[in-house]
Every structure is written in structure tokens, then in C-alpha cells.
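Trainee: Sequence:
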Amino acid sequence: ANIEPLAPDIPITSSTTKSLAAKRSSLLFFEIVLLRVKISVLYMYRVIRPLFWTFEPETAHNLAIKLIKLGFLGLYKSDIPSELEVSVSGLSFPSPVGLAAGFDKNAEIFHELFKIGFGFVEVGTVTPMPQSGNPKPRIFRLKEDRALINRLGFNNIGVSEVLHNIESRFHLKKNRKLGVNIGPNRDSNNRIQDYIDNLKQVDELADYITINVSSPNTPDLRKFENSKIKGNIASKNLFVGGKLKGDINSDRVHIKKTAVVDGTIKQKTLSLEEGAVLKIKTETKR
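Going by the working numbering, the letters in the sequence shown line up with residues 8 to 293, in that order.
By construction, these hints were calculated from the structure, which means they are not laboratory data.
Watch out, some of these pointers could steer you wrong.
[Said to hold, decoys possible] In silico DSSO-like cross-links for lysine-lysine, where the CA-CA straight-line distance does not exceed 30 Å:
1. K122 x K73
2. K76 x K122
3. K76 x K143
4. K122 x K207
5. K143 x K84
6. K181 x K122
7. K84 x K73
8. K73 x K150
9. K181 x K73
10. K150 x K207
11. K180 x K76
[Said to hold, decoys possible] Label pairs and their calculated CB-CB ranges:
12. L74 x P142: 23 to 29 Å
13. L35 x K181: 35 to 41 Å
14. I55 x F177: 24 to 30 Å
Glycine included, each C-beta is placed from N, C-alpha and C at the ideal position.
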């Protein structure tokens, strides 16, 4: 009996061979880049962490910002392979790996952070007026849980100064994407207006804007976690996302999707009662 082939023969030509070789070469290059980044980050983390942990958490954070300003991350510069490019709501990101808001609150080092391979960096949270945030100490290490208690409270230098920082470094971002996370001032009498004012100011420079309505560290902020506020501050020709807390249910997610925003961002900081049971319950200086 004749045995029929499962698929027709595909002629192997020199061009096919070259194409396969090119793909393999590209994949190998990508793997080498990833390995280099992993080794660099792991080495940096192991060397620096013991030093940083001799300081209070917030002091260590501020020290990291200063070191990065001096160009420390230039030692770990990494290009992004074109294969990592992704598109979300019409916005093209050179890589799906980015840095969320909270690290570079005042847009001081976003251009340096791009050097180590982030496809996007989100600065903020930014408020209309400067504010100092909650009283210190306000960050606590939970070493056994590999976690932090954070109750910073939107400490930042205000939208005007943040915009100045962005403008002075804007030419250094190249094809990377810059997000701006906006929120209201703690003592504001009109928080919806705060969001509107913030959005109007940052929308020329931001590739996308995150409306932060979920921080547990600003009293009553989560009352705004509904479609009303997003309908009031929708922006045209700009990716606008709502930042939601982690325990949102499916019905409320549907509300967010029908509001005038391009997407939602999860997961953000959990309130203590929302997280897993912690081994350490007390807040101590570490």
C-alpha cells in the first residue's frame, strides 16, 4: 500500500535557509540580552541591597534616586529587541516591561531608567499643588514577608515642577513611553477639579495618563472609584487609564470598561486588610 505524506513537501531553498538562520540568530541575540540583564540586575541587587538595608526605607529610596541621577544605571545599559514591541489601545510600547508609578514620583530620573530596558516609565503620583504626604516614618520593611508597608500619601513637588522636570529631559526618552499618574491634593475641596486641572497640564507631554482613584493612603479617595469621575475628565487622542485597587469585582470592572477611558490598571497597593496574612503585624523601624 502507498503511504501518503501528512503534508506536501516544502522545497528548501537558499532563501528559506537564510530566513531560518536569521530567525535563530535573532532569538539567540534576544536570549543573550535577557541573560545579560538578569546577571547585571542580580549582581547589582546582591551587592547593593545589604548597604541600602542599613538605612531607613525612605532614606534608601532617596539615596537610590541620587545615585541614578549620577548615571549609575549607565553601567547596565540594555537595548530592547524589536521583537518585544507591543501595542495597547493604539499606543506602541517598545517593550511590555515597564516601571509603575511610585518610584520616580517627581520625574527626576525617568530618562535614566529607560537605559536599563524599560519600555515605559510612569511618574507620579502627581497632585496640582506640592504636598509632603503623611508623617514619617511611613514605609516599613517586612523582611520575612518580602514586602513593604507603604503609607506615603502622594508626596510630590506638584504638577508645575514635575512638568519642568519632564520638559528638561523629554528629548532623552526617544521612542520609550512616559506615563503620568495623577491624583488630587489631600486637603482639596474639589477633587474632581484637581483631576481635570492635572490632566489638562500633563496631556501635552504624557504618552498616557493614569487616573489614580485607588490609593488607600489618601482619605476617601476610593469613593471616586466609579464611572462618574472618568466621564468628567476623559481626554481625546490620549490613552487614559484608571488605576483600580486589587479587590474590584467583575460588576465594577464592567463599569470601568464602559466609562470613557482606554483601559484599567491593576494591581495597585493593597490595604493591609486586603492582603495576605502577614507574619509581622507591627510597624517597626528596620
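Trainee: Taking only the CA atoms, is the gap from K181 to K73 under or equal to 30 Å?
Mentor: Distance ~23 Å between K181 and K73 Cα, so the pair holds.
Trainee: Taking 30 Å as the top limit, are the C-alpha atoms of K181 and K122 close enough?
Mentor: 11 Å, holds
Trainee: What's the verdict on K122 and K73, does the C-alpha distance respect the 30 Å limit or exceed it?
Mentor: Between K122 and K73 the Cα gap is close to 16 Å, so the pair holds against 30 Å.
Trainee: Quickly compare the C-alpha distance for K76 and K122 to 30 Å and report which way the hint goes.
Mentor: Distance of about 12 Å is within 30 Å: holds.
Trainee: Taking 30 Å as the top limit, are the C-alpha atoms of K76 and K143 close enough?
Mentor: Roughly 24 Å separates the two Cα atoms, so the pair holds.
Trainee: Using the beta carbons of I55 and F177, state whether their distance is inside 24 to 30 Å or not.
Mentor: This hint holds: roughly 29 Å between Cβ atoms.
Trainee: With a cut-off of 30 Å on the C-alpha distance, tell me whether K73 and K150 pass.
Mentor: Holds, at roughly 24 Å.
Trainee: Decide if the proposed pair is consistent with the structure: K150 and K207, CA atoms, cutoff 30 Å inclusive.
Mentor: 41 Å, violated
Trainee: Just to be sure I understand the hint, the distance between the Cβ atoms of L74 and P142 should be within 23 to 29 Å; is that true here?
Mentor: Given a distance of about 26 Å, which is inside 23 to 29 Å, the answer is holds.
Trainee: Mind checking the alpha carbons of K180 and K76 for me, to see if they're no more than 30 Å apart?
Mentor: At roughly 15 Å apart (the allowed maximum being 30 Å), K76 and K180 satisfy the hint.
Trainee: For K84 and K73, compute the direct alpha-carbon distance and say whether it is at most 30 Å.
Mentor: 18 Å, holds
Trainee: CB of L35 to CB of K181, is that within 35 to 41 Å?
Mentor: For L35 and K181 the Cβ distance comes to about 26 Å; the hint is violated.
When held up to the earlier numbered hints, the structure conflicts with 5, 10, 13 and fits the remainder.
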